Amino acid sequence: MSPEEFNEQLALCQVLPGPNIVNFSVMFGSRAAGLLGSLAALFGLLGPPVIFMILAGILYRRYGELPELRGVLAGIAAAAAGLLIATSLQMIRAMVKNRLTTGHIVAVVTFVAAGILRMPLLWVMAVVIPVSIAFAWWERR
Amino acid sequence: MKQDSDIFLALLMNFALCSLMAVGGANSVVPEIHRQAVDVHLWISDRKFSELFAIAQAAPGPNVVFVTLLGHYVAGIPGALVTTFAMCAPTCTIAYLVARVFDRFKDATWRIVIQAGLVPVTIGLIAASALIVARAADRDAATFLITAATFALAYWTRITPLAALAAAAALGLIGVI
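Each protein sequence line maps, in turn, to chains H and G. Heads up: the first sequence begins at 1 in my numbering, then just goes up one per residue. Heads up: the second sequence begins at 1001 in my numbering, then just goes up one per residue.
Hints were generated in silico from the structure; no laboratory data involved. Since the model is a prediction, treat every value here as computed from it, not as a measurement. It is possible that some hints are incorrect.
[As the list claims (entries may be wrong)] Far from chain H, some chain G residues (derived; all Cβ distances over 12 Å):
#, residue
1, Ile1007
2, Leu1009
3, Ala1010
[Said to hold, decoys possible] Here are the simulated SDA-like cross-link-like pairs (lysine to any residue), alpha carbons at most 20 Å apart as the crow flies:
#, chain 1, residue 1, chain 2, residue 2
4, G, Lys1106, H, Asn7
5, G, Lys1048, H, Tyr63
6, G, Lys1048, H, Leu55
7, H, Lys97, G, Tyr1155
8, G, Lys1048, H, Arg62
9, G, Lys1106, H, Arg140
10, G, Lys1048, H, Ile58
11, H, Lys97, H, Arg140
12, G, Lys1048, H, Leu66
13, H, Lys97, H, Glu139
By construction, the Cβ of each residue, glycine as well, lies at the ideal position given by its N, Cα and C atoms.
Sequences and hints are given; from them, build the entire structure.
Quick look at the structure:
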């Protein structure tokens, strides 16, 4: 696969819902070797981290309440929150540069509905996705 | 106490639905996973949710393995396998089915329009995820400062985020938090 093909394929995967890199591995495996290729790519990508997470889960359930570990966990939880805020602001910065106002409205409405009002995501998506696609279509004309 | 099969069915249904709603990646559905696991089903506390999220972020591998860790906390190894399967199977099936015809749509207007329409939704959802994780993790001045410092490091410098996670873990270990 050339770097161009790689980028193209990854961009295409972003239209599909679900974990991007997982979808990508399935598509890549399928192109390389059909169904078996997909399964091999999927298990290759997810197998080791899933086993690692199960081991981490076992340790967490056994030792998660130890006072020494409580501090460590509180620390990494706070740091992980900071990383996610940074990711989020990077995306917002890119949007503010590139997109027209309808996209900003959709992003704010989605944020308020899902993050502040804590509405069921299915309801939120049923409204914002058609509206956002309609806006995108309208702006493209 | 609920029957085991009820828990597995609930995990399967919830995460399969989340899989299909995860526009832009697994982190987009963190608000919904949090709502279901913490508020609706009472499977886990707010604090523990943020801790498991952090462990999954710090570990190597795709973000989606957060659902493996959460599934394990809720219902052991079978729970971990059910949530992982539910989160991946629906969209992987779609990805497999469209893999061969997908290239044809590369320049199709409808694909470009749908993709453009999904971007602001993803941005709103990731911001909501950040808010929810930060509210769960920041319990006092020390944790708030760690979040702020990690944000600043990740946003304004090129230092690897793992350094921030390691430093925060060390501060926790020596009892600052």
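(request) Take the C-alpha atoms of Lys1048 of chain G and Arg62 of chain H, compute the straight-line distance between them, and say whether it is at most 20 Å. (result) Distance of about 13 Å is within 20 Å: holds.
(message) Can you confirm whether the C-alpha distance between Lys1048 of chain G and Leu55 of chain H stays at or below 20 Å?
(response) Cα-Cα ~17 Å, so holds.
(request) Given the hint that Lys97 of chain H pairs with Glu139 of chain H, test it: the Cα-Cα distance must not exceed 20 Å. (result) Distance of about 16 Å is within 20 Å: holds.
(request) Mind checking the alpha carbons of Lys1048 of chain G and Leu66 of chain H for me, to see if they're no more than 20 Å apart? (result) 13 Å, holds
(message) Would the hint linking Lys97 of chain H and Tyr1155 of chain G be met if the CA-CA limit is 20 Å?
(response) 17 Å, holds
(message) Holds or violated: Lys1048 of chain G and Ile58 of chain H, Cα atoms, limit 20 Å.
(response) 14 Å, holds
(message) Holds or violated: Lys1048 of chain G and Tyr63 of chain H, Cα atoms, limit 20 Å.
(response) 13 Å, holds
(request) Examine each Cβ of chain H, and state whether all of them lie more than 12 Å from the Cβ of Ile1007 of chain G. (result) 16 Å, holds
(message) At 12 Å, judged by beta carbons, does Ala1010 of chain G keep clear of chain H as stated?
(response) At roughly 15 Å from the nearest Cβ of chain H, Ala1010 of chain G sits farther out than 12 Å, so the non-interface label holds.
(message) Just want to verify: Leu1009 of chain G was marked as not at the interface with chain H; is every Cβ pair farther apart than 12 Å?
(response) At roughly 18 Å from the nearest Cβ of chain H, Leu1009 of chain G sits farther out than 12 Å, so the non-interface label holds.
(message) Between the alpha carbons of Lys97 of chain H and Arg140 of chain H, is the straight-line distance 20 Å or under?
(response) Satisfied, since the Cα-Cα distance of roughly 17 Å is no more than 20 Å.
(message) Need the status of pair Lys1106 of chain G, Arg140 of chain H: alpha-carbon distance at most 20 Å?
(response) The hint holds at about 17 Å.
Figure legend: structure checked against the earlier numbered hints; every hint is met.
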